[in-house]
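Go by the hints and put chains B and C onto chain A.
Which chain is which? The protein sequence lines are A, B and C, in order. Following our numbering from start to finish, the first sequence increments by one per residue and tops out at 419. Following our numbering from start to finish, the second sequence increments by one per residue and tops out at 418. Following our numbering from start to finish, the third sequence increments by one per residue and tops out at 419.
Some hints here could point you the wrong way.
Subject to a maximum C-alpha distance of 25 angstroms in a straight line, what follows is the list of computed DMTMM-like cross-link-like pairs (lysine to aspartate or glutamate) [said to hold, decoys possible]: (1) B:Lys-255 with C:Glu-213; (2) A:Lys-184 with C:Asp-389; (3) C:Lys-288 with B:Glu-309; (4) C:Lys-288 with B:Glu-278.
Calculated from the structure, these hints are not laboratory results.
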Amino acid sequence: MATATQFFAKPWVRWAIIGLVVVLMIVLPLILPAFANQTLARIGVFAVAVLGLNVVMGYTGQVSLGQIFFVGVGAYVTAYGVNNDWNIALVFILAVLIPGVIGLLIALAAARLGGLAIAMVTIALPLIGVPLAKRLSEFTGGSQGSSARFSAAPEWTGLYDDQWQLYIVIAIAGIVFLLTRNLVHGKYGRAFAIVKGNEAVASSMGISPYRYKVLAFTIASLIGGVSGFLYMVVVQYTSPETMSFGHSITLLASMVIGGAGSILGSLLGGAYYVLAPQLTNAVDSSLTAVLQGVILLVILFVLPGGLVSLPRLWRRRKNEHRGMPAGGAGSAQAATATIAPTAPAYVVPDTSAPEPIPPTQSQEKRQDT
Amino acid sequence: MTLLELTEVTAFYGPVQVLEGVSLSVPDEGAVGILGANGAGKTTTLRAISGTVRAGGKIVFDGKDIRGMRPDKVAALGIAHVPEGRGTLAGLTVRENLKVGAYLRKDRKGIDADIEYCLDLFPNLKERIKSHGSALSGGEQQMLAVARAVMAKPRLMLLDEASLGLAPSTAKNVYQAIGRLRKESGIAMLVVEQNANLAFTLVDTATVLETGRNVLTGTSAELKGMDEIRRAYLGG
Amino acid sequence: MGTFIQLVIDGLSAGSIYAALALAIVLVNQATGLINFAQGGMAVLAAYFAYSFIQWGVPLILAILLSILVSFVLGALIERFLMRRFEQGDPDTAVVVTIGLLTLITGLCGWIWSFNNLQFPSLFPVQNVNILGAVVSIRSIGTTLVIVGIMILLQLLFIGTKLGLALRAVAVNPQSAAFSGLPVGRLLMVGWGLAAGLGAIAGALIAPSQTLTPGMMDAALVYALAAVILGGMSSPIGVVLAAWMIGVLENLAAVYVPFIGYDLKIAVPFILIFIVLIVRPQGLFGRKEVVRV
Numbered sequence: 051m052a053t054a055t056q057f058f059a060k061p062w063v064r065w066a067i068i069g070l071v072v073v074l075m076i077v078l079p080l081i082l083p084a085f086a087n088q089t090l091a092r093i094g095v096f097a098v099a100v101l102g103l104n105v106v107m108g109y110t111g112q113v114s115l116g117q118i119f120f121v122g123v124g125a126y127v128t129a130y131g132v133n134n135d136w137n138i139a140l141v142f143i144l145a146v147l148i149p150g151v152i153g154l155l156i157a158l159a160a161a162r163l164g165g166l167a168i169a170m171v172t173i174a175l176p177l178i179g180v181p182l183a184k185r186l187s188e189f190t191g192g193s194q195g196s197s198a199r200f201s202a203a204p205e206w207t208g209l210y211d212d213q214w215q216l217y218i219v220i221a222i223a224g225i226v227f228l229l230t231r232n233l234v235h236g237k238y239g240r241a242f243a244i245v246k247g248n249e250a251v252a253s254s255m256g257i258s259p260y261r262y263k264v265l266a267f268t269i270a271s272l273i274g275g276v277s278g279f280l281y282m283v284v285v286q287y288t289s290p291e292t293m294s295f296g297h298s299i300t301l302l303a304s305m306v307i308g309g310a311g312s313i314l315g316s317l318l319g320g321a322y323y324v325l326a327p328q329l330t331n332a333v334d335s336s337l338t339a340v341l342q343g344v345i346l347l348v349i350l351f352v353l354p355g356g357l358v359s360l361p362r363l364w365r366r367r368k369n370e371h372r373g374m375p376a377g378g379a380g381s382a383q384a385a386t387a388t389i390a391p392t393a394p395a396y397v398v399p400d401t402s403a404p405e406p407i408p409p410t411q412s413q414e415k416r417q418d419t
Numbered sequence: 183m184t185l186l187e188l189t190e191v192t193a194f195y196g197p198v199q200v201l202e203g204v205s206l207s208v209p210d211e212g213a214v215g216i217l218g219a220n221g222a223g224k225t226t227t228l229r230a231i232s233g234t235v236r237a238g239g240k241i242v243f244d245g246k247d248i249r250g251m252r253p254d255k256v257a258a259l260g261i262a263h264v265p266e267g268r269g270t271l272a273g274l275t276v277r278e279n280l281k282v283g284a285y286l287r288k289d290r291k292g293i294d295a296d297i298e299y300c301l302d303l304f305p306n307l308k309e310r311i312k313s314h315g316s317a318l319s320g321g322e323q324q325m326l327a328v329a330r331a332v333m334a335k336p337r338l339m340l341l342d343e344a345s346l347g348l349a350p351s352t353a354k355n356v357y358q359a360i361g362r363l364r365k366e367s368g369i370a371m372l373v374v375e376q377n378a379n380l381a382f383t384l385v386d387t388a389t390v391l392e393t394g395r396n397v398l399t400g401t402s403a404e405l406k407g408m409d410e411i412r413r414a415y416l417g418g
Numbered sequence: 127m128g129t130f131i132q133l134v135i136d137g138l139s140a141g142s143i144y145a146a147l148a149l150a151i152v153l154v155n156q157a158t159g160l161i162n163f164a165q166g167g168m169a170v171l172a173a174y175f176a177y178s179f180i181q182w183g184v185p186l187i188l189a190i191l192l193s194i195l196v197s198f199v200l201g202a203l204i205e206r207f208l209m210r211r212f213e214q215g216d217p218d219t220a221v222v223v224t225i226g227l228l229t230l231i232t233g234l235c236g237w238i239w240s241f242n243n244l245q246f247p248s249l250f251p252v253q254n255v256n257i258l259g260a261v262v263s264i265r266s267i268g269t270t271l272v273i274v275g276i277m278i279l280l281q282l283l284f285i286g287t288k289l290g291l292a293l294r295a296v297a298v299n300p301q302s303a304a305f306s307g308l309p310v311g312r313l314l315m316v317g318w319g320l321a322a323g324l325g326a327i328a329g330a331l332i333a334p335s336q337t338l339t340p341g342m343m344d345a346a347l348v349y350a351l352a353a354v355i356l357g358g359m360s361s362p363i364g365v366v367l368a369a370w371m372i373g374v375l376e377n378l379a380a381v382y383v384p385f386i387g388y389d390l391k392i393a394v395p396f397i398l399i400f401i402v403l404i405v406r407p408q409g410l411f412g413r414k415e416v417v418r419v
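This is chain A alone, in the form it adopts within the complex (with noise of 0.2 angstroms):
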């Protein structure tokens, strides 16, 4: 496996994967069926959420469960000023901004508190969005939802409309993939990373944990936004139904079992929100959420880095039989990037220094006083 990884490291061999990617990115479209083409752009839509979910959850330790909730105001902004004949861009950047700015809202409020409070403040969206939807008819069409359509291929590309909305979702979902991964390799995504490990150490370095937790967030929600436009552009119809609670945990199980922390995890996440639906129904259409359950529950506990973490677990094992110890950590805890400490679970033995002990311990939790 060695000779592999340096097979990988050299530059040429990461330029030549690219190129192949963007070759099969721009053939695939054109040679596929029509119903590969719309399932690869369902798979790109959700990939798009998971990884908004990833940055604000994977990345930054925060879970939430409103993500899908941002994906429909995004979906509904998009309708709504396609039904009203806005110009394209606009409603693209709408689309992004509202549910950006609602994003924003929430977290200044709901991060200001600690521990799980995001989680416990989003589980609350997709309850209040379903009636919220069905209640303001007049813009989302209430529960009949609201379709619109514009994303057919115009004649100049001579592509059929599955092959246009494909390179579109490409296209955009590509381009936020990229900003994306910049974002979280560089000095942002290290103070995430630090904000989730341990929030005191990271105020301790400066590092505001209450900033970085809305700012994650509020990329997610504008992420969401973009979720939600591609999602207009290749389903072409919206209803309350879409940001319900089942597809918000789906959402999140998606992100889990794709690979939490990871851009290549948000993209399997992707294809399991679309794909494991069709493939547990096909086993026993009562047992789906039974075996979405397991599916969640068995990666938690056999493989928490997600689907992705499947090749260091191997590697790991080869160098296990190499006589190469295993690390410490052994498999991290689900929701963990890879860059992520772990914080010990012991108390610092003797090489503390001896400090007045206060009345509280790290061994003790902490109590209201």
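Below, chains B and C without anything else, positioned relative to chain A:
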């Protein structure tokens, strides 16, 4: 009769080895000190005994091999660990703390009598009997920790850095009370202390640890007389 | 005026149910340091068990008591075999596990009992009484009283019994408790069992009016979490008061604030949280966090 015997005990925090081979023995009703600098492995040795850290080697208590036993099982055998940091049960009152110490006992009268004994041993606690554990000062929390251990009617008490963070006079008080406890109850003690002077007021013999193994063992008198000990731990 | 009193009492009744669920969440959090997003789902499962017992001819009260017992055992088993390994780690991971558990339980309920709305008999007669000129349902009064009674019992358990003392000790400092010989693992199981039992009571009380479906307590979970946020994780009284407040305010808002109406009642706790956070930016938690450093 040997109550506790450690033979070439090793201990690990994850992949890091902290004890390389520690051996000592505590006679019935005896008191043994574990001295050494920071990081030598003193606290870890106690943790190995009470089962809170993964350990290798042999640990025999009252004829039973207790290495690897869960902490609550070790406690049930009659070993009370007074941890570094005192382990105060913060939201509970002093009385409740003491009652938790007596958790494994069923004799109501005996428990009540022992609570009175502890309050007599540590008069400060008597005043604070209704206060919550978190409201006590460092010294009082240390007393409470020892009292909690006493409530279990143990045969062996593991004392981890009882003087840590306490003003010298408070630490002296605590050790005096523990000395009285030892005389009146016959509980054996294994005392980890950085303050060797204090330790010598309590223990008959001691062993000195350095980077995870014993480097010196002897009676208090012998050790006090040694130049190295005097220089390193007794201030010249 | 009559409507107002009616709404308040109905609100207290609903709030009592949220309070029960919220207390279960607090109990689990105090003991094992994580938030169980499946607490409502487990309560629904218990209600389904009761439903089956009733179908098999068991009298209602006995069926509910049995379901509480089954729930207790299930809660204990879930702690031991599912959650135990996640308790020492990152609370966010543990939450995701509970979300997986929620999905599984919801799916199981739907698979075993179908996703249709099932009728669950009411513990209390479906009648009304006249109080101060208001028409108040006996069910609302009964629900509130039952839950208040349970909460008093729980307080007595925690303050007055050895088991309660042990549970509190383990929640505060598990290692210290172990040093005193407390069987920490078993006590954690008891804690989860109690929480599950509490949820079962809430489930049985809410089922008659909601009709039994797998997603029956999804909304209640949101209310319960809001009560926990507003009341503070370490203050059971605060949580109960917050839950009552949420129950009453959402009922009042549904009627007196036309935009909210009945279907958007669930926005009320959300709005409350925002208002509280504007007034008290550090939140009602203050500086305390659930996360172990």
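Inset, instruction - List in ascending order the numbers of the hints, as given earlier, that are violated by the structure. - result: Going through the list in order, the structure violates no hint and respects every one.
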